[in-house]
Amino acid sequence: MTERIRQVISRNIWKENQVLRQILGICSALAVTNLMTNSLVMGVGLTFVTAFSSLTISLLRNLIPHRIRMIVQTLIIASYVIFVDIFIKANMPEISKSLGPYVALIITNCIIMGRAEAYAQKNPPIPSMLDGFFAGVGYTIVLLIIAFFREFLGFGTIFGYDISFASFELWTIMVMPPAAFFLIGTLIWITSNIFAPKNTKKSETGRKG
Amino acid sequence: MFGNGINPFVIFFASILTSNMILSNFLGMCSYISISSEYKTASGLGKSVTLVMVITNMINYLVYKFLIVPLGLEYLRYIIFIMVIAATVQVMELAMDRFLPDLHVKLGIFLPLITVNCAILGTTLFIIIRDYDFLQSVLFGLGSGLGWWLAISALAAIREKMAKNKLPKGLAGPGITFIITGIMALAFIGFSGIFTIT
Amino acid sequence: MKGGPVYTVIFMLVISAVFTLVLSLANAYYLPQIEENELLDDRRAVLYVFELDAEGGPEEVLELFENAVVSEMLADMEIYAHLDEDEQVLAYAVPFTGAGLWGTMRGYLGITPELDRITGLVFTEHNETPGLGARIDEREYLEQFRGLEITGELAYGPAGDDRLDAITGATSTSKAVLRILNNLIDRKIAELEVVLDD
Chain A
735 MTERIRQVIS RNIWKENQVL RQILGICSAL AVTNLMTNSL VMGVGLTFVT AFSSLTISLL
795 RNLIPHRIRM IVQTLIIASY VIFVDIFIKA NMPEISKSLG PYVALIITNC IIMGRAEAYA
855 QKNPPIPSML DGFFAGVGYT IVLLIIAFFR EFLGFGTIFG YDISFASFEL WTIMVMPPAA
915 FFLIGTLIWI TSNIFAPKNT KKSETGRKG
Chain B
461 MFGNGINPFV IFFASILTSN MILSNFLGMC SYISISSEYK TASGLGKSVT LVMVITNMIN
521 YLVYKFLIVP LGLEYLRYII FIMVIAATVQ VMELAMDRFL PDLHVKLGIF LPLITVNCAI
581 LGTTLFIIIR DYDFLQSVLF GLGSGLGWWL AISALAAIRE KMAKNKLPKG LAGPGITFII
641 TGIMALAFIG FSGIFTIT
Chain C
-15 MKGGPVYTVI FMLVISAVFT LVLSLANAYY LPQIEENELL DDRRAVLYVF ELDAEGGPEE
45 VLELFENAVV SEMLADMEIY AHLDEDEQVL AYAVPFTGAG LWGTMRGYLG ITPELDRITG
105 LVFTEHNETP GLGARIDERE YLEQFRGLEI TGELAYGPAG DDRLDAITGA TSTSKAVLRI
165 LNNLIDRKIA ELEVVLDD
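From first to last, the protein sequence lines are chains A, B and C. The opening residue of the first sequence carries number 735 in this note's numbering; numbering runs sequentially from there. The opening residue of the second sequence carries number 461 in this note's numbering; numbering runs sequentially from there. The opening residue of the third sequence carries number -15 in this note's numbering; numbering runs sequentially from there.
Keep in mind that the hints were calculated from the coordinates and are not lab data. Note that the structure is predicted; figures quoted are calculated from it, not measured. A hint or two may mislead.
[Said to hold, decoys possible] Only pairs whose alpha carbons sit at most 16 Å apart, straight line, appear in this in silico EDC-like list of lysine to aspartate or glutamate:
hint, chain 1, residue 1, chain 2, residue 2
1, A, 823, C, 19
2, B, 566, B, 498
3, A, 831, C, 26
4, A, 831, C, 19
So that you can see chain A by itself, here it is in the shape it has in the complex (with noise of 0.2 Å):
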């Protein structure tokens, strides 16, 4: 694997970017992007999940059956997610709270196993880490970009600070689910169009990477 770590970097974050390229992982991002801190909490339980267990998934790789490949996968995301939960009722009670069960579902986050497969199952550990790490930076950065816009319009806050000196009426809709589609929907169609004079083939191929 001779991918640089730039190469990573920009791979995951923009040219690939799991939510707005790939479409993967919506479940558990669109549910908690009302709220900016919710959103960055999420993000980063994520990002942690997804580079930890691509490490382990790679670091095992040639002792794991390949036909019990998915359970053990599910089994090693699953401990991950269970830690970051008892992570976070430990030490941030109320975020925990707000977040109820979708600290959870990061289990079943498409992401986390698309990068075991696509990736860590056939690289080595450090790349793996660094392509899972980046792949949850790229999520994260996607959540917050709904999320401010879902905040900052429906609540009038940042980050849950006051920004009352720019006040207008506050639009209850951005609170309330289908924002969400609307906005990813939307991030999803610039994006597309960003992309569309290079064509689809070559993110085909760097998908392989």
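Knowing the structure of chain A, use the given hints to seat chains B and C on it.
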């Protein structure tokens, strides 16, 4: 009357319409987006999800009440749930192949996909967090499954109709799918208020 | 060897054992802290309904609670009482439980010793939708209840003298809150009145 005073039938209808797994809880999005370009396939997936949802939630409920809680293994519950889901899907596939081959031909291809459908684990987690009793859990699982089926079928039907429409550059595919879903979610908000909890 | 059934089973057992062990250790390590958080949360909730400063650090909160609050068994409920320097009761915090839209809601209602005015309302547990029903936790909503006279049924909008506003987009949750509170006032507070009169 009921464990926590909520009528199970209210839970049933609310989980189909007002608290739809996809449209208000964003669960099960991956397969919802990727397998919704054709009505027939989407509807087949919806049926399988409903079936798996009801069965796994029943099992997970019993496992939680009679195994996890008595043994004090609460902190391991996510692993146990996901393993139960994976195992149930495997067993169902085998059983279907053996006893209901017709159904297996129709739904079998979707079964492996369902293990990683977050809506399934999501309903289990909601049941545990909300402290539902057995009847409530079963109806919640059924309602959530039906709601998921309803949403994916509706989306697939719309997408089939739209397949030949000209769209602005870059909007075709996932972009427009999310916008349609947003409009569907808006429409479903209209259902809120039908159910009063008494 | 690799891929054989024996290897598969042994591998699965070993990896399960390793991860379970690690998680057990993490759980054991963090459990005291989680329990402390829960206690602190409860203490803060009680201080909040008594209009005391609940925002301070853990030690301040526990010290304040220790100095100003005592727990009493009245009318079959564990009620917290806020005492002034002369041991006079300033307010009671009555615990409540009821069905929300999605599950059990728990919290405290602060009430004057004459039982005619609400000093504060707080929720310690609920499962309402994040961003919608879960906004019952927001100060803006909770503060509306401070100083509210209990003259009849609590109601939103014009029906209740325009003192209370429901949460936009979360009508069912808002209604559930008032239903629980009215229920509490009708039954438990009435019982409490009898006990206090004696």
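Do the hints match the structure? See the list:
1. Distance restraint check for residue 823(A) and residue 19(C): the Cα-Cα separation of roughly 10 Å lies within the 16 Å cut-off, and the hinted pair is therefore satisfied.
2. Taken as a hint, the residue 566(B) and residue 498(B) pair is honoured in the structure, with Cα atoms around 14 Å apart against an allowance of 16 Å.
3. Only pairs whose Cα atoms come within 16 Å are accepted, and residue 831(A) paired with residue 26(C) is accepted, the gap being roughly 13 Å.
4. Distance restraint check for residue 831(A) and residue 19(C): the Cα-Cα separation of roughly 14 Å lies within the 16 Å cut-off, and the hinted pair is therefore satisfied.
In the structure shown, no violation is registered for any of the earlier numbered hints.
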